[in-house]
Amino acid sequence: MSRVTIVVHSGDFDKIMSALIIGNGYLAMGDSCTLFFTFWGLLALIKGKLRKSDMRLSRMNMAGIGAWMMRRKMKRANVAPPEKLMEDYRALGGRVIACEMTMGVMGLSKNDLDDHMIDEYAGVGQFVKASQESRTTLFI
Amino acid sequence: MSRVTIVVHSGDFDKIMSALIIGNGYLAMGDSCTLFFTFWGLLALIKGKLRKSDMRLSRMNMAGIGAWMMRRKMKRANVAPPEKLMEDYRALGGRVIACEMTMGVMGLSKNDLDDHMIDEYAGVGQFVKASQESRTTLFI
Amino acid sequence: MSRVTIVVHSGDFDKIMSALIIGNGYLAMGDSCTLFFTFWGLLALIKGKLRKSDMRLSRMNMAGIGAWMMRRKMKRANVAPPEKLMEDYRALGGRVIACEMTMGVMGLSKNDLDDHMIDEYAGVGQFVKASQESRTTLFI
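Protein chains in written order, with the working numbering: chain A, 67 to 206; chain B, 67 to 206; chain C, 67 to 206.
Read the hints as simulated data drawn from the structure, not as lab findings.
Any given hint could turn out to be false.
[As the list claims (entries may be wrong)] Label pairs and their computed distance ranges (CB to CB):
#1 A/K176 to C/R142: 26 to 36 Å
#2 C/A157 to A/D120: 37 to 47 Å
#3 B/E153 to A/Y187: 25 to 35 Å
Fair warning: this is a prediction, and the values are worked out from it, not measured in the lab.
C-beta atoms are modelled at their ideal positions from N, C-alpha and C, and glycine is treated no differently.
Taking the hints into account, I'd like the entire structure generated from these sequences.
Put into structure tokens, the structure is as follows:
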């Protein structure tokens with residue numbers, strides 16, 4: 067049972083950051099949390115992906131800030147990068163579901179994904195079940 | 067009264083898919099559901115729109131996958147297309163509200179929209195009322 | 067304590083409009099509301115920004131409608147512009163938190179932001195606290 071369930075639909079760097087920061091925030095303040103990675107969000111679970119600087123931002127027109135630039139600015143501001151946030155999320159007991167339907171559509175197998183980050187491979191039914199037991203459900 | 071209320075603000079093909087798959091998931095597992103189509107989301111209610119392959123994706127840079135390509139990949143993976151998901155949603159008793167304010171801003175009349183998919187034409191007040199009675203509210 | 071908490075992650079003109087219209091809708095119908103402006107959303111709190119016509123739309127390909135065009139269409143449809151919606155939001159008692167982490171990453175100081183619109187400068191902890199006390203939490 068999770069108090070918080072978050073659909074991670076977006077694969078944009080800044081949205082993945084928001085999902086992980088918010089997820090860690092809930093965990094740090096006593097809630098349990100399930101992240102359901104689906105559609106573009108699932109791509110963040112591909113082996114090595116979170117460490118890469120080629121992730122897209124949801125908007126690029128901020129004086130040319132790309133994901134690489136944002137990583138630099140985050141580092142300077144002492145904000146952890148996504149791979150570290152995910153490590154923390156897992157260490158704090160955060161649960162991760164990889165969407166099987168998306169794997170099928172995108173032709174990804176379990177081998178493509180980083181199974182250290184994943185508790186379950188499941189469909190929308192598991193998401194709904196988690197959400198029905200949650201106080202808070204978000205779509206990112 | 068709805069247990070789940072979802073604002074569909076985005077008109078992107080993949081977000082519309084997520085909204086309908088999630089909506090159907092809740093309905094299949096015993097919740098009632100209201101979808102409030104507003105801003106770009108409202109465009110999905112234009113007659114014939116859901117069947118078209120010209121819908122935009124929220125991101126295009128995945129090796130050139132456009133909505134057409136995604137439809138093909140979905141078909142191969144036995145994922146129903148949006149027009150079928152909407153049919154299922156309606157058959158399962160899902161409720162749909164078309165945002166009147168957006169119709170006014172975009173110059174759309176009831177004649178432009180597919181009224182088989184719509185229960186009500188209403189404003190933000192109806193959305194808030196549905197949300198206040200819901201366990202779960204999402205913004206997509 | 068807030069009955070509704072909304073993360074405003076996006077800085078797109080139409081998403082800011084949705085956030086403010088929905089926030090005002092909840093306030094008008096008896097809920098309290100907290101808006102947590104973070105990532106691109108924080109840019110909407112920069113002095114004078116909400117009045118400008120240079121805000122981005124989350125999609126541009128609707129027959130060339132940009133934010134300027136949308137402002138015109140909204141005016142014709144008697145929809146208030148974002149600066150007026152924010153005024154109403156504040157007059158109705160809506161609470162605003164500016165995300166300190168984002169300020170650090172983007173190099174923005176309190177001087178850059180319009181403090182008439184802001185109650186608190188805080189981190190994800192304050193957001194989580196508001197959300198834990200809320201019936202409804204949205205991510206926009």
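Cross-check of the supplied hints:
1. A beta carbon spacing of about 53 Å between A/K176 and C/R142 contradicts the range 26 to 36 Å that was offered as a hint.
2. Restraint check, C/A157 to A/D120: a C-beta distance of roughly 45 Å satisfies the suggested window 37 to 47 Å.
3. Between B/E153 and A/Y187 the beta carbon distance is about 28 Å. The supplied range of 25 to 35 Å therefore holds.
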